[in-house]
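**Student:** Top line first, the protein sequences correspond to chains C and H.
Take 231 as the starting number for the first sequence in this note's numbering and just add one per residue.
Take 9 as the starting number for the second sequence in this note's numbering and just add one per residue.
These are calculated hints, taken from the structure and not from any lab test.
Fair warning: this is a prediction, and the values are worked out from it, not measured in the lab.
Incorrect hints may appear among the rest.
Think about it this way: if two alpha-carbon atoms lie no more than 20 Å apart in a straight line, the pair counts; the simulated EDC-like pairs of lysine to aspartate or glutamate are [as the list claims (entries may be wrong)]:
1. H:K37 with C:D344
2. H:K1151 with H:D1082
3. H:K95 with C:D256
4. H:K337 with C:E281
5. C:K243 with H:D1082
6. H:K42 with C:E281
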Amino acid sequence: MIKAILIFNNHGKPRLIRFYQYFAEDMQQQIIRETFHLVSKRDDNVCNFLEGGSLIGGSDYKLIYRHYATLYFVFCVDSSESELGILDLIQVNLLQFVFVETLDKCFENVCELDLIFHMDKVHYILQEVVMGGMVLETNMNEIVAQVELQNRMEKSEGGLSAAPARAVSAVKNMNLPEIPRNINIGDINIKVPSLSPF
Amino acid sequence: MALKIVKGSIDRMFDKNLQDLVRGIRNHKEDEAKYISTCIDEIKQELKQDNIAVKANAVCKLTYLQMLGYDVSWAAFNIVEVMSSSKFTYKRIGYLAASQCFHEGTDVIMLTTNQIRKDLSSPHQYDTGVALTGLSCFVTPDLARDLANDIMTLMSHTKPYIRKKAVLIMYKVFLKYPESLRPAFPRLKEKLEDPDPGVQSAAVNVICELARRNPKNYLSLAPLFFKLMTSSTNNWVLIKIIKLFGALTPLEPRLGKKMIEPLTNLIHSTSAMSLLYECVNTVIAVLISLSSGMPNHSASIQLCVQKLRILIEDSDQNLKYLGLLAMSKILKTHPKSVQSHKDLILQCLDDKDESIRLRALDLLYGMVSKKNLMEIVKKLMLHVDKAEGTTYRDELLTKIIDICSQSNYQYITNFEWYISILVELTRLEGTRHGHLIASQMLDVAIRVKAIRGFAVAQMATLLDNAHLLTGNTQRNGICEVLYAAAWICGEFSEHLEDPMQTLEAMLRPKVATLPGHIQAVYVQNAAKLFATVLRKHEGETDSHAAQETSQLLIDRLPLFVQSANLEVQERASCILQLVKYIQKLQQKKVEVAEEVTALFAGELNPVAPKAQKKVPVPEGLDLDAWINKPPSESESEDEKPKAVFAKEEPKHSRSRHTEVDEKELARRREARKQEQANNPFYIKASPSSQKVYDAPGVEHIPVVQIDLSVPLKVPGMPMSDQYLKLEEERRQKEKAERKKKEKKKKREKRGKERKADSGPESEEDITPAHQVDIVTEEMPENALPSDDDDKDPNDPHKALDIDLDKPLADSEKLPVRTHRPEVLKSPAEDRVNENIPQETKKRSGKETKEKKKGKEKDRKRSKEEKKKKKHKEVEEELLESQPEEAVQSEETKEAATPPTSTSAEASDLDFWLCSAPVPPAAQEETAPSSAAAVDTSSAAAPESEPDEPKDAEPEDTKSSKHKKKKQKKEKEEKEKKKKKRHHHHHHHHHHHHSDAGGEDSVQNGTVEEEEPLPPMSNYSLLAENSYIKMMKEDADQVYDIQGNHQDESKVVVSVIFENKSDSFLKSMEFNVLDSLNSKLQRPEGAGAHDSLTVPFQLPPGISNEARFVFSVQSIVMPQKLKGTLTFIVKSDESSTHEKLDFKLHFTCTSYLITTPCYSDAYAKLLESGDLKGSSLRLEGINMPFHHLLARICFHHHFSVVERIDSCASMYSRSIQGHHVCLLVKTSDQTVSIDAKCDEPSLLGNVLDEIKQTFSKC
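One chain only, chain C, in its complex shape (with noise of 0.2 Å):
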């Protein structure tokens, strides 16, 4: 069983988590701190997997993770999944995955940012991956595939911003960041009142 599943930076920002069992906000963040902890500051020469930490899990429990250019991948695992398995799980599925075939389709150059910005997008992808703590696919064709159509779907209902909301994304991604923080709505309420006496 995988116990959680954590994605955190060079400065233990978290980007992405998913706790298998459940824990108050606050024991998460501690969690993560921990990890970030145990896993910063080990030389990336030294092997992947940690005993676990004290807050998670126990001694059944490993820490397997990967560290690429700024992410950390985390996986806390029992002794029930494979050290190697689980490794591969990181770099073969959910890297290439998540950076090279989503992402690389979006963006031009990948890096943790995008990850920043679609959180949910990972989710969504990881989702296929693993589910309720058990690695529900391991096929990448089957994973891209089943993940391409759910996005297909979600294009052809709209998306989440419908027609008006794009075009206003659109205009505040034209990197003008002023317009977008100067104007606001108390002013708006001013002028559509002064419009309504007829």
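Since the structure of chain C is provided, determine the placement of chain H on it from the hints.
**Tutor:** Chain H only, in chain C's frame:
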């Protein structure tokens, strides 16, 4: 209005989406918290809007904030709203948020049941998929119970995408709702052979996870997994299966033997490291499970060790780590094969990677021997010096102590060396493990009597240099050793060379800076030392020195009397007064030493840590019973202080010892020894733990010289090295001596035998430097030998320890809870034959099966006699641990043999045989031929029984009579076992019954003293003639069969057939004239008027139960069906054809399912206004109210929602989802029932039936 819409969309234009939120947070690095709190305010506004898109967007943002550690549970209801959106985009967002923040304590989860059910049955596979994924994260026991059936249906969904998710989530369902495991298991097993590899992998995953916790229940699946292992190419699946076998082999060593060959093949052939590693791991598990005495497996061990060495030598740190991990497993059983790689492991100790060093340390633990212990520890000590991080150093420290102290100091040949190692370890800065070192010091000093002199000397030095240990505040962990040092010096003060000096050291003002508990020991032991010093001086008649000593104590103790620590203060003031008194006596020239010493007389024996727990409770003593009547509340407060004093008392018990006169003591001791000698449970000092070494030779050992040559005064200098050297010299010397002796011997024997004396010295050759007498720890007399106190009672997997091979009882079907009462049945009736006619499809295939059976028989016969024997053994064993009855591949099928007379046996078993699943047998034939004897039998796990009756068949001629006898015996045993089990069942049902009746009635109401309920039966007579009696269960078991047309429900009717005649009844056929609404389910291909064969025969006086399935379309009306039972009555001289007509009555009640309902949900339901009312008055009911409720619950499948005094609300639901609510009131023998239901005619009929129930009594 139009303006409002415009305004809404303008608002929407400026809604932040997730990306904006993230961007905003990144732009507000300095005041992130403030920014987020404004965002949360915005989100709250957005959630108030009606637009679902806005809500979904808000929830999406909340999910992000949740990741950052913000509690978003306040939005749980909005999340549910978004979940229930019809658009996939929003639904997905909702479920994601739910899966991130819902948990068992989230109350809105209750509201989601129907939504999830709807999504699960959605025509769009991704709606279903999203719901399953979400549910897997927040499933609660309630959800699991309510949805188990829906999920089970999905396991057979047409889309593999859904199937695999449904299969996987079942594990979570099992965990939360263990009762679902058995009903769902057959289908889960089916999925192991699903055509889709993803589904297969999911099923393997789930079963592996289940089997890991309770492996014995899954042994019967071994052949199936074996087949998968040899056929699958998916590494992930292979790894899981191989891991599973690793868990199974310890239970069935023969399985292990079978595994070795394919596994070694895999090891040789695979290129995937992960697979290779798991194979090696499982081979190791197999080898561990097999007795190590098997010579032909040494090749496998060698292969493993060799492969592991390759892993460890690999430059990939991961492989290195895993290699060491696996190596440590081999070590346990085959230490020799690992020990040859000591070089490699010691090398790993130098690795830069801490994880690897720790693993290597673990290995070292098992690699030590008498010969290399000192060398290894020396190496570790070097590492201790070099180690940087405190955690690793602490780990080293504990490992050193572990290694040395393992198996009762088995490998230590020189305890002086060990003591000096411990002393050296005290130089560690900032270690947490001071107490560990201290306890080792104490342990060794107390238990190894020979070392006491040396230990005391060392401890005295430690005390003298205590400032070195306490000088740095950082080191306060280590000052724990002073506790041990002070105690040892005090307790064994007779060994002290200069007790006066030590006494002074212990009373230095600096001591007052130590922790309280250590000071207390100091004070107490100063008194002991004082006694020793006094005696010494009086022995030398040096009264002046003695008085000086007293003065020293009187001068120094006041410091401790002022201590803030109660313990220190108390001891100090006691001892101070004592010394003052002694001083007075001394001044009067009275000899006091003798009496002072008597204060501390007597030996302290070590007591085993578990000793207290193991004291058996004497017979007739009830520890929970009150000795006196419990005091009233007001009194208890007064008593508290008393208790405190009472507790304190035992401390003085030691001094009390001296009051008992010597004779009495000796007498008691003698008596106890006698008792111990006669008591088998008393753990005596066994020769293995209490090393008694040969005395000869000890005198030649330069022990005395060591004491003199070692400068004890400098604690900073490592002395252990010197001991190492000395020990080596000693060994050399010994060896030389031995050689000499040997040579002499040789000369005597000349040329007869050439002994390889030049080889390395063996373990036995090393004699320890001391005559070591390790005292065993004391255990109480009559200690209980059991050791099973390590299990965690909270493990959720404990509930899943369920025998899966037992056939399903009808009380186990998924969504329905049924009441199976204790009916007046003959004991023989306990075993009930049940079958569903629809499944008798198999019967039509009987012939083919017979053929197969024959084939198998032939095959078996062709086997050698030897193999048969082996087979038998296996079978026997399997019978014990496993199914006595076949598992049906399709659910709800039960077949068991009644205890029939021998004449009936054959035919009964015949039926039984054909109902046994064939597939495994068929597989077996195709399975690789390597799967020989063991495999056949375990493959035939469910088959093992069919095998047996076959043996009993007359035409099956066995070679020896002896064998037949054996079988008979077996069978008898089995029967007995069955009886037992069913007996057990009985109890179970009984419980069930009372649950249904009693508990429900007081569920929410006030718990009063209520009379026990009268027994209730729900079997009613169906029809009867002189030959046979048919009883029908009133509370028909009702359930929806999954995945069928929604408008059609299935009802199962249990009928008990009882043979009342003296003749044998056979060929019973059951037929019912179908109505438009209700139809008897017949096997495929059978005509609408064909009758169903009752799947058993009845010997005289025997009864048995059969179950028939009906499909019902409308449930609002009661139904009556006419039916006929035909059968042949066979007596000795004749046989006649008879028939019996009956009428089956389906009441509306029988369509109701007992469904618990919360009072708030109940209130909502009533408020909704969808329900139509009706009422009923019953007069002249003179039974207690709770009996009345129990009756309604029991006969009409209601549950009590709430009960207040003589008024109760009750709820039930029909199989088609109609809600039925009752409000029952009673006053003066009049009961009024107000009822509401969304289907008036159903309600009317139910009320009529309730009325009838009560008119009967």
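**Student:** All hints, please: hold or fail.
**Tutor:** Structure-based check of each hint:
1. With a C-alpha separation of about 19 Å, the suggested pair H:K37 and C:D344 falls inside the 20 Å cut-off, and the hint holds.
2. Between H:K1151 and H:D1082, the direct Cα distance comes to roughly 12 Å. Compliance with the 20 Å bound is thereby established for this hinted pair.
3. Simply put, H:K95 and C:D256 have alpha-carbon atoms about 33 Å apart, too far for the 20 Å limit, and the pair is violated.
4. Taken as a hint, the H:K337 and C:E281 pair is honoured in the structure, with Cα atoms around 17 Å apart against an allowance of 20 Å.
5. With a C-alpha separation of about 69 Å, the suggested pairing of C:K243 with H:D1082 is violated against the 20 Å cut-off.
6. Note on H:K42 and C:E281: the hinted pairing is violated, with a Cα-Cα distance of about 38 Å set against a maximum of 20 Å.
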